[in-house]
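Protein chains: 2
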Amino acid sequence: MELNKLDVEILKEVAGIEGVPSGAVNIRKDGEAIIRSSSSGIKISSHPEHGGLIVEIKPGIRNEKVHVPVILTKPGFRDKVYNTFIVGEEAEATIIAGCGIHNESHSESRHDGIHEIIVKKGAHLKYVEKHYGQGKSQGKKVLNPSTVIRLEAGASAELEMVQIRGVDDTCRTTVAYIGERASLKIIERLLTHGEQNAESNIDIYIEGSKGSAQVLSRSVAQDSSRQLFKASLTGKAACFGHVECDAIIMDNAKIKAIPALIAEDADAVLTHEAAIGKIAGEQLIKLMSLGLTEKEAIETILNGFLR
Amino acid sequence: MELNKLDVEILKEVAGIEGVPSGAVNIRKDGEAIIRSSSSGIKISSHPEHGGLIVEIKPGIRNEKVHVPVILTKPGFRDKVYNTFIVGEEAEATIIAGCGIHNESHSESRHDGIHEIIVKKGAHLKYVEKHYGQGKSQGKKVLNPSTVIRLEAGASAELEMVQIRGVDDTCRTTVAYIGERASLKIIERLLTHGEQNAESNIDIYIEGSKGSAQVLSRSVAQDSSRQLFKASLTGKAACFGHVECDAIIMDNAKIKAIPALIAEDADAVLTHEAAIGKIAGEQLIKLMSLGLTEKEAIETILNGFLR
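These protein sequence lines are chains A and B, in that order.
Position 130 of the first sequence, counted from 1, bears residue number 130 in the numbering used here, the numbering being contiguous throughout.
Position 103 of the second sequence, counted from 1, bears residue number 103 in the numbering used here, the numbering being contiguous throughout.
The following block holds chain A by itself, in its conformation from the complex (with noise of 0.2 Å):
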């Protein structure tokens, strides 16, 4: 199937990518697969239950990619897809998911993404996905991204979870299980606006000895944007865990951040940071004395936060 103008251009929104990538590549488009091939060391085949994918990395490979991104474009369409991915033992790859809208008619459009992803033994995985909607009609764009991972000994993954403009409603859910020695990065950008809203649950369960986990969460709520933050960490072990959430919060926006830190071990060291607040003012008048309208400054400052 060929891509259009509307698809190239949401395609480039969340996955970065001029028209098809070379290497292992699955685009969905409004619930089917419409490119596909794998690579020499990457494998994507039909989920036999759920019509989703299967993305198996195979073990000791180096340096590969694998795009898997998701767009709707037909209007009021809701897709749900169950995908899992496994990294083989070290193997070092890249995976690049995420999801774009484009909803112009009345009815909510919606993808909810149900990704189980396992990472085996010594693997490496970066995982990136984008979250992204666009169209100017009433009709809601909705993402619900629901992440397990399970990283087995030594095996260490950096997640960046990223949400763009235009979506209206999203709930998502990250469950980790870090085995021993092994190590997780979470690394989450949120804008809303309008009258959006936005509930992000994070549960992470260190289990094994010497694993460690951290989360670096920014988020900045605009308009009358609502925004709830949870992240819960689990100390099974000798272990280490970190969260850290900040937000800028404006106009009639509102923020709720809870995190959690649940020690069961007293060899497990835990610490969170939190802070939610609005631009510094210094900040804005420096800007502003080097020539930028107060629009601009701003801009500039939350582009540097969310980077």
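Be a bit skeptical, because a hint or two may be false.
[What the hints assert, rightly or not] Pairs of lysine to any residue, SDA-like flavour, derived with a Cα cap of 25 Å:
no., chain 1, residue 1, chain 2, residue 2
1, B, Lys230, B, Val128
2, A, Lys230, B, Asp267
3, B, Lys230, B, Ser212
4, B, Lys256, A, Ala238
5, B, Lys256, A, Glu273
6, A, Lys254, B, Ser232
7, B, Lys254, B, Gly277
8, B, Lys210, B, Ala153
9, B, Lys230, B, Glu264
10, A, Lys278, B, Val20
11, A, Lys121, A, Ser38
12, B, Lys185, B, Asp203
13, A, Lys185, B, Lys256
14, B, Lys254, A, Asp265
15, B, Lys230, B, Asp246
16, B, Lys254, B, Ala153
17, B, Lys185, A, Ile258
18, B, Lys58, B, Val20
19, A, Lys254, B, Lys230
20, A, Lys236, B, Leu302
21, B, Lys210, A, Met250
22, A, Lys286, B, Val269
23, A, Lys230, A, Ile187
24, A, Lys136, A, Lys254
25, B, Lys126, B, Ser37
26, A, Lys80, A, Ser38
27, B, Lys278, A, Glu264
28, A, Lys230, B, Arg218
29, A, Lys254, A, Ile187
30, A, Lys236, B, Ser224
31, A, Lys254, B, Arg181
32, A, Lys210, B, Gln283
[Unchecked claim] Restraint-style ranges between C-beta atoms, simulated for each label pair:
no., chain 1, residue 1, chain 2, residue 2, range
33, A, Thr293, B, Pro59, 46 to 54 Å
34, B, Ser146, A, Asp30, 51 to 59 Å
35, A, Val148, B, Asp267, 36 to 44 Å
FYI, nobody ran anything at the bench for these hints, they're computed from the structure.
All of these numbers come straight from a predicted model, not from anything done at the bench.
The C-beta atom is built at its ideal place from N, Cα and C for all residues, glycine as well.
Guided by the hints, dock chain B onto chain A, whose structure is given.
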């Protein structure tokens, strides 16, 4: 009524007094006021409905103290009391509360102290509450303090809430409403050991412009004890709030810390820090190299941490 040796011993632990102090005082023993006297600036009377106290601190007075300790010595006694404290406009006073339980029986002894505190315009209150249990039997010592505090415009209050050894079960509830330019500081110190359970719930609502709140919690969980710390900070105006909880976990103890920051105004600045971990190894080694045994070194570090 005369104080016996045991009464004197418990009063010293929970209120730092030797016998009956001068000034305004109410000593409650096993459900009854055994000693009561008002002072020129502080009037103590019976609560018309609930049989507890009404403590009225006159407007404008300076540097006055009132002692209202509670002791339970009757085996398996259950005591519930409602007290109201009113700090008059521009007054400056210290309230020393606290409860000690001696229980050598096989039945549970329990005190539920329900306190309402109103700090009027421009007044300043220091409130100290210590909890302590003793007795080697199976009978539990249970203390459930519940405090609602309201700070009017320009008022300030510092609450120091300490649980020393010996309390088997506690569920502490503190709710605060903070007015314009008013400021509240809560200092909590908690030690649990054996099979003890401790839960602390703090809910703070900063309602007035330029209001501020600060919660500093430090706790130590030893043996197989359990602690749950919840602190929720809601900013409804241009305000500043900070919650800090540090905990030392030892042996087979378990600790949960669940703070919540809720910003409902774009000019609310709310921050939080938490850390759960064990005693730093270097600190221990340093003290032991100075001649302390391991046990003495641990005690020295814990005393410093909870001071």
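Each hint tested on the structure:
no., hint, result
1, B:Lys230 with B:Val128, "holds, 20 Å"
2, A:Lys230 with B:Asp267, "holds, 22 Å"
3, B:Lys230 with B:Ser212, "holds, 19 Å"
4, B:Lys256 with A:Ala238, "holds, 16 Å"
5, B:Lys256 with A:Glu273, "holds, 15 Å"
6, A:Lys254 with B:Ser232, "holds, 15 Å"
7, B:Lys254 with B:Gly277, "holds, 11 Å"
8, B:Lys210 with B:Ala153, "holds, 10 Å"
9, B:Lys230 with B:Glu264, "holds, 19 Å"
10, A:Lys278 with B:Val20, "violated, 52 Å"
11, A:Lys121 with A:Ser38, "holds, 23 Å"
12, B:Lys185 with B:Asp203, "holds, 13 Å"
13, A:Lys185 with B:Lys256, "holds, 22 Å"
14, B:Lys254 with A:Asp265, "holds, 7 Å"
15, B:Lys230 with B:Asp246, "holds, 13 Å"
16, B:Lys254 with B:Ala153, "violated, 40 Å"
17, B:Lys185 with A:Ile258, "holds, 21 Å"
18, B:Lys58 with B:Val20, "holds, 22 Å"
19, A:Lys254 with B:Lys230, "holds, 21 Å"
20, A:Lys236 with B:Leu302, "holds, 23 Å"
21, B:Lys210 with A:Met250, "holds, 18 Å"
22, A:Lys286 with B:Val269, "holds, 21 Å"
23, A:Lys230 with A:Ile187, "holds, 14 Å"
24, A:Lys136 with A:Lys254, "holds, 24 Å"
25, B:Lys126 with B:Ser37, "holds, 20 Å"
26, A:Lys80 with A:Ser38, "holds, 23 Å"
27, B:Lys278 with A:Glu264, "holds, 12 Å"
28, A:Lys230 with B:Arg218, "holds, 23 Å"
29, A:Lys254 with A:Ile187, "holds, 22 Å"
30, A:Lys236 with B:Ser224, "holds, 15 Å"
31, A:Lys254 with B:Arg181, "holds, 22 Å"
32, A:Lys210 with B:Gln283, "holds, 22 Å"
33, A:Thr293 with B:Pro59: 46 to 54 Å, "holds, 52 Å"
34, B:Ser146 with A:Asp30: 51 to 59 Å, "holds, 56 Å"
35, A:Val148 with B:Asp267: 36 to 44 Å, "holds, 39 Å"
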